[in-house]
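Starting from the known structure of chain A, fit chain B with the ligand onto it as the hints suggest.
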Amino acid sequence: MTGIQEKYLPVIGLEIHSQLNTNTKAFCGCSAKHNSPPNTNVCPVCLGSPGALPVLNKKAVYLALKAGIALNCRINYKSVFARKNYFYPDLPKGYQITQYETPLCYDGSIEIPVQNNLKKRIGIERIHIEEDAGKSIHEISETETLLDFNRCGIPLIEIVTKPEINSPEEAAVLAKKIRRILTFLNICDGNMEEGSLRFDANISLKHRDKKEQYGKTEIKNLNSFKYLKDALNLEIQRQKYLIESENKIKHNTINYDATNKKIAVLRTKEEEEDYRYFPEPDLIPLTVTKELIAEIKNSIQELPEDKKERFLIQYQIPESKADILTRNKMICEYFENTINLLKIKNTEQFKNTANWIVREVIRELNESISKNIDDFPVKPKHLSSLLDILYTGKINIMTAKEVFRIMIQAKDEKEKDPEYIIKSHNFYQIQDESEIEDIIIGILKVYTEETNKYRSGEHKIEGFLIGKIMKLTEGRANPETVKKILKKIVFEVQSGI
Amino acid sequence: MKPVPRSLSEIRDLIKEGKITLPNLINSCLENIKSQKDLNAFISVFEKDAMQNAEIVQKKIIGGKAGKLAGLVISVKDVISVKDRLMTCGSKMLSNYTAPYNATAIERILKEDAIIIGKTNCDEFAMGSSNENSYFGAVRNPFDSKRVPGGSSGGSAVSVAAGMCTASLGSDTGGSVRQPASFCGITGLKVTYGRISRYGLTAFASSFDSIGILANDINDTAEILNCISGYDENDITSSKKPVRDYYKEIQKEINPKDIIIGYAKEAFETGIQDEIRETILLKLEELSKRGYRVKEISLPNTDYIIPVYYILTSAECSSNLSRYDGVRYGYRAELEATDGIEEMYTRTRSEGFGEEVKRRIMLGTYVLSSGYYEQYYKKAQKARQLIIKDFGNAFKKADYIITPTTPTTAFKISEKTDNPLEMYMSDILTVSANLAGLPAVSIPAGKDKNGLPVGLQITGKKFDEAGILRLAKYIL
Ligand SMILES: [Zn+2]
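Residue numbers (numbering that gives the first Met the number 0), protein chains in the order written: chain A, 0 to 496; chain B, 0 to 475.
If we strip away everything but chain A, and leave its shape as in the complex, we get (with noise of 0.2 Å):
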């Protein structure tokens, strides 16, 4: 493998379909929703009626210009519309609104990280907006397709780099760059198995020395970051041996197999349609002004890769829950406003803060049914004044899991306050220890067959006694406390017990 790159360099470039997060179909009122019922969200205009003509979302349009300034692009202020002729049961019109000579973004760039902590840029050639098509449904009737339009005329952008990509690892590292930015800025809720991103990588092989380059082919439809590897890694291998053997490559269409980790030429170049692209005559142009472009600027700010640096430096958090944290654009807004509400703010606050936020919020948020942080019962006032009474030591780590519950649950703002739940539950801890040592002895004096095993070296009875005395106290005793009373009692104290 490593040999073939060696002798061979591969030049790759990629084309990413995104679809956009919008409530909407790109070109008419029907909803964007995946997994409705075939064929419910669908109307005159995305099924392509006589006389029924598009009209713009303009939501398409803000996502794909933030990916655009996201991803370093310029911007053409007058773009046009296409229509990319085809014939395809899933496609009504017989065309896709698409946009081919002028695009909304062009000649953009990002970077990706390479060996000995080195950077690489990769240039982004354009990103369009085009319209998804339908799906052709093959498993169910044997003899017939049965077509679903529900994904016919959903928002996509496709962004398309440079062939600037030299290795499989590098198409990955990059696939997964961008995913991670188009989710961060909601512009894509990245869901691959459902297609909602999805990857052709077009690629050919130059020879090192003799600086020739062979024949390029394109690999279709890769959903997710392995198979775009995998299939890259067979390509390069087949190349290389037809190259090393008949010393060309046609320009074909590849289809990986993901089931048999095979891939197959689809069609030769010669095969291939002639897609008649001319400017959509239904639309007019797509103007954008600086002023939406500069409220976009304004709007995006810090990419994940930035705010990721910057909660490293600036929390001290371990960058396993930086990494969480900057997944996603509204947790680290959570996060962020979680820590400027704390009463006591150092690390140790920062890092508490974050371990619960990843622990505990995303947790009870992914079995949530709306997986939207902004819909979390609890918001950061309540979660910051839960870690610092937990902080203050008032209450010990389960208490406050129990209160967090309780805060879930809670219907009104009221109920919501950890201060108030911790008075109404009565779950302050014990402070006073000579209350402690009181249960302590009254427990030892139940369990004195387990008190004697445990005082002549059998250790592991401490559990027991500690969850006995834990038990009667409701949690409200801090176990460090309990464990040193405890010891004390049973190893020095000697008392008749």
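Note that these hints are calculated values from the structure, not bench results.
Glycine included, every Cβ here is placed at the ideal spot set by N, Cα and C.
Keep in mind that a hint or two might mislead.
[Stated by the list, open to error] What the simulated footprint calls covered on chain B by chain A, stretch by stretch (three residues with Cβ under 8 Å from a Cβ of chain A suffice, anywhere in the stretch; the number is not a length):
1) 86-100
2) 200-206
3) 311-322
4) 333-345
5) 412-426
[As the list claims (entries may be wrong)] Result set (BS3-like, lysine-lysine): computed pairs, CA atoms no more than 25 Å apart in a straight line:
6) B:K110 / B:K64
7) A:K77 / B:K110
8) A:K77 / B:K381
Same frame as chain A, now just chain B with the ligand:
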């Protein structure tokens, strides 16, 4: 033929005076449709609904709560969507297709209480100049049933001229409203591109298509235009320019001295029937005598008009008609179990479309294909800009341009069917308004020696519908 009132104002008066009722009128129209079935003007007639609606609207009129178009009996070219009604587009391809929604123009006339009497015959997908390209058979001219009524809105023109209704909505991509209006002796208005929403108008050539109005009386044209024009959020190419009260505008006095009429000499040159040339020149002379300033203007790129028009409209049509593939609706060829998707497409489209439509799809596919796009499509787009510029220059010198509407009066059925190029030349005087997106109206100007109507065309500046209609009213 039963006599029916010619105009909406007559209908209103007669109803007010109690001399007719709306159901009576509908009855007469339906009788005229039946008694002149040989003209083949209609593809579907809404007998029952028209009658029911007539009774409702009649009550509204008496109650003083009727809409602006109450009393109007209107037919609709079968390329415009009327909800839950067949919309065949004159094609076998859509012979079983029911429209799922109303076109915006239809919504707007229905809101004003117009009564739709039926859907009219037309050339298949509005492609033709004689109405001989209909799957439902040729339409005949009421002045001479051996002759064509013009096309593609032939059925619409005949329905108005032969007393089957008061007005009709047609579509005009290269003269399809004006040319049949001219052949049938009525008024036909093609509006500025974007003045009337295209939503619900089956696309032939999107950047040329516009809904047009055919009527006996120019006042009716103005009143209907008042209701159907104006911005529509469903058609992004429709204009946000405010709608004027066209009816009021055309009642205003004209001071002839304020108006310069352009006389385009190219339009009177080769291929124009002598009687047409004489009739129009005579009209110009009359106008001049009445004080109008008539000035010669030039449209130097006239030779490009027909080739540019056919390249661009065919290109757009080849794409617009791709949706008729047998997959979701319309005609689907009967297939063998072994046939694949390719066979379904090929056979469905070969069997479902007529000759003229196929000719244009092939021409359009060709001019858009790689290697020819630059040579044909792009070049034609540039030439279109030159033609637009010509008009820009002409309208610096003149307010209106007067030409004949057609080079000949109605020709005989089958006369030109074997010669598409000759057929295309019959659009020479009308297509330029579509190329430049300008408003133009055809009005009856006289008759030739066979008693066939001659049409006069007034072309105006963009969005000057009021101006061309006012001048038309004056000439009439
Ligand atoms: Zn839709």
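- Hint numbers not upheld by this structure, sorted from lowest to highest: Going through the list in order, the structure violates hints 5, 7 and respects the others.
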